[in-house]
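Construct the complete structure from the given sequences, taking the supplied hints into account.
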Amino acid sequence: MACNEGGNIMKDMSGFIHIILQMALLLTISKILHFFLRRFGQPSAISQMLAGLLMGPSCLIRLPLYRHYIMPNINEDYLLSLATLGRMCFMFLIGLEIDLPYMLRTSRRAAIIAYGGALPCSILAACFSPVIYYLTNAHGSRLTFALTLMLIFSNTASPILVRMSTELKLTTSEIGRIAISAALINDMSCLTIIAITSTSATATGGSDSMGFSDRATLGVTALALMAFVTLVTRPFVRWINHRNRHRHSIRNTEVVVILIFVFGVSIITEMLSYNSMMSCFILGLMFPREGGTQRTLVRKLSYPVNHVILPVYFGFIGMSTDLFVVFHARFFWTVVIVVCLNTFGKVLGTILATQYLQFPLHEGLVLGFLLNVKGHIDMIIITMARKNNIWGQETFMVFLTTIMVNTFIAGPSSAFIVRRERRALKYMSMGLEFQKPDSEVRILACVHGPRELPTMVGLIEASRGTDPTKTPLAAYVMHLVRLTQKMATTMLYHQQEDHRMDDNDEDELGGDDARQINTAIDAFTMENGITVRQVTAVSAFSNMHEDVCNGAEDVRASIIILPFHKHQRIDGKMVSGRDGVRLVNGKVLRHAPCTVGILVDRGLGTGPTAVASSSQVGAAHHNLVAALFFGGPDDREALAYASRIAMHPNISLTVVRFLPMRRGEYEAGIEMEASKDNEVLIAINNHEKEAQADEEFLSRFYDRYVATGMVSYVEKFVENGADTVTALSAMEGMYALYLVGKGGRGISPLTMGMSEWEDCPELGSIGDLLASSDFTTTGSVLVIQQHNKTNEGDLDEDFLMLYS
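Positions 1 to 804 (full-length UniProt numbering) are the ones given, in order, by the sequence shown.
No lab work stands behind these hints, which were simulated from the structure alone.
As the structure is a computational prediction, the values presented were derived from the model and not from experiment.
Where is the CB? At the ideal position from N, CA and C, for every residue including glycine.
Wrong hints could be hidden among the right ones.
[Stated by the list, open to error] Computed list of lysine to aspartate or glutamate pairs in EDC-like fashion (alpha-carbon distance at most 20 Å, straight line):
1. K436 to D694
2. K436 to E696
3. K573 to D774
[Stated by the list, open to error] Here are the in silico distance ranges between beta carbons for each label pair:
4. F236 to D759: 52 to 60 Å
5. Q435 to T230: 29 to 37 Å
6. N788 to S699: 18 to 26 Å
7. W239 to R108: 33 to 41 Å
8. R482 to R420: 39 to 47 Å
Set out below in structure tokens:
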């Protein structure tokens with residue numbers, strides 16, 4: 001007895017050592033292959049499947065020494081278990097990171113694309129199932145074979161699609177997010193069908209003797225368990241967040257407890273005939289977003305899942321495939337027929353669905369090939385078919401080969417189309433002026449410390465409108481940490497140490513500032529229900545603008561909001577902070593890929609949501625906002641952003657338009673100023689175009705907001721810059737927030753002479769006056785510059801030279 005136990009222990013130890021060797025070899029080969037294939041735009045999943053193919057029965061395993069020392073047969077069960085665990089981890093991570101409000105908003109479009117691509121595949125599978133049944137020498141029920149084939153044809157593997165979309169940099173684009181939503185809908189539908197028609201006992205080779213009532217009982221029990229766990233999870237996570245309220249992240253022991261809990265629930269649901277991967281996804285999807293728990297889980301799981309677990313999962317698909325079976329002529333042509341029918345049906349159906357939704361053709365092609373990737377669901381289906389004697393081992397290998405070939409086709413095809421249509425698919429911000437009022441606003445708010453955060457989150461809350469489903473909002477806060485010599489030394493030291501104390505958060509970048517920011521954002525999320533994603537950028541002031549611009553491209557921001565380099569003292573005076581902050585703002589204005597706003601804070605964020613909080617409705621000056629309009633693209637952009645704020649129920653927006661006393665003064669002023677450079681005709685033509693654009697934009701704005709009573713409208717007539725200053729001074733103390741364009745309005749008598757008084761040219765003449773200590777002590781100011789390729793030359797070179 002003792003000898004048997006000892007032999008089992010040695011056998012288990014040997015299996016464990018072999019699995020470590022296999023994982024190391026798989027990761028090494030996949031890295032080498034990806035080093036070459038990435039130059040051709042191929043995603044890493046292709047390299048990992050090829051690595052598994054090389055290590056499997058198609059290649060190296062046919063060598064006796066390799067098979068004996070590296071790949072003994074006993075390890076197939078270990079790899080299968082590890083691959084299953086990997087799928088569970090990845091689906092839980094997808095649920096944690098998924099943008100649930102976006103998924104709900106686009107559920108109709110995503111469902112049309114998912115089912116539009118699946119329907120032709122199912123029809124083709126049903127029509128050609130007798131031919132494929134004959135070619136594969138299948139046995140068993142022809143109806144069951146046809147249904148199995150329809151599921152294989154119509155399925156999309158969401159884990160592989162998410163990985164491909166990430167590496168093609170599509171996850172933040174509209175097409176990438178739609179693809180992920182459609183793949184998840186497809187996955188859930190296929191898993192629901194599998195749960196209805198089968199049990200987990202069938203999948204593992206057990207008997208299928210349960211009746212319909214027994215299966216229904218198990219299904220209802222699984223759903224009730226998931227509902228109960230979802231209800232219990234929220235107070236449990238809140239307790240953990242409260243326990244770690246002064247920490248950047250939760251403890252490692254708590255992370256382990258949560259993961260054990262998730263996997264335990266998933267295993268129980270698997271025993272109740274419901275797929276464990278989908279239960280993991282639902283748990284992640286319903287997981288509370290506020291607090292440090294979700295943030296810590298995403299950070300802790302991202303690296304091991306993406307760099308260890310998923311490569312093993314993809315490699316296992318390759319290691320399970322024996323291409324020598326396909327070398328038989330009949331099986332070879334079966335693979336060709338299945339792959340061609342599958343690809344044709346999926347691409348055709350997706351293109352038809354996207355054309356119905358009025359998507360561009362190239363986006364329909366990308367979606368068609370991406371949604372044709374195969375993976376875990378197909379593995380489950382063909383394994384079930386083999387266990388239940390629907391087909392034999394040879395047929396199993398044929399369909400396993402088709403899974404790999406479909407994925408090989410999907411990856412390069414999508415990469416090729418994305419590269420060819422990169423200009424069309426590239427992030428290009430049109431400006432808020434040209435976007436639909438109900439389009440999603442993506443805000444990247446930058447802070448250098450906790451002091452600027454209340455105002456930033458207050459502005460974010462004000463931008464969400466009345467109904468988040470009608471005015472969708474995606475908010476990101478980027479903590480800009482200045483890289484100093486001391487911090488660089490500390491970072492190098494901790495990289496060498498390779499460990500971190502579990503109960504000490506002092507090593508987090510940003511120190512105590514980062515913890516205060518995390519705590520404030522967590523409180524804001526819990527109070528308002530707005531998910532704010534956090535990003536930390538560490539760099540010197542000289543190149544900090546690159547992190548901001550790259551971050552804006554990564555999140556496809558509609559607007560970047562930067563804090564002004566001056567702050568208000570207790571006596572109301574504005575005093576300068578670090579000149580490096582001013583340099584960053586100037587460079588971002590020059591190089592930003594989208595609209596930029598500079599926020600001058602004068603107490604707008606007293607309390608997390610002071611500008612829009614229902615508790616502030618009685619205090620009139622806290623919820624009155626003014627949009628000043630002089631004309632030009634920047635002012636139109638400021639007014640477009642103001643229209644988003646006007647949708648908030650606790651904000652009253654007033655548009656103040658400044659007009660000349662006599663209409664002909666514009667042309668006279670332009671001619672007088674422009675004659676110095678002999679550019680009179682050009683200046684007059686530009687003025688006429690901008691004036692026409694102003695009138696058209698204001699006409700649409702008036703009909704939509706002013707005529708309906710949502711916004712107040714006032715016109716002020718002035719003769720010159722001095723009158724403008726007087727009119728603005730009369731508005732002192734009336735509003736909590738002033739919105740104004742930076743000044744891309746050209747030469748105007750309304751602001752003539754005001755540039756001579758400018759202290760901060762990055763704000764423009766009007767913004768500089770509003771931000772000065774002489775103007776007001778109560779109203780914050782948001783100065784907006786519309787994105788334009790010509791903006792790179794707008795910023796004064798002397799300004800950059802002075803503060804570089």
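A quick look at each hint next to the structure:
no. : hint                     : in the structure
1   : K436 to D694             : holds, 17 Å
2   : K436 to E696             : holds, 15 Å
3   : K573 to D774             : holds, 8 Å
4   : F236 to D759: 52 to 60 Å : holds, 54 Å
5   : Q435 to T230: 29 to 37 Å : holds, 35 Å
6   : N788 to S699: 18 to 26 Å : holds, 22 Å
7   : W239 to R108: 33 to 41 Å : holds, 37 Å
8   : R482 to R420: 39 to 47 Å : holds, 41 Å
Checked against the numbered hints given earlier, this structure breaks none of them.
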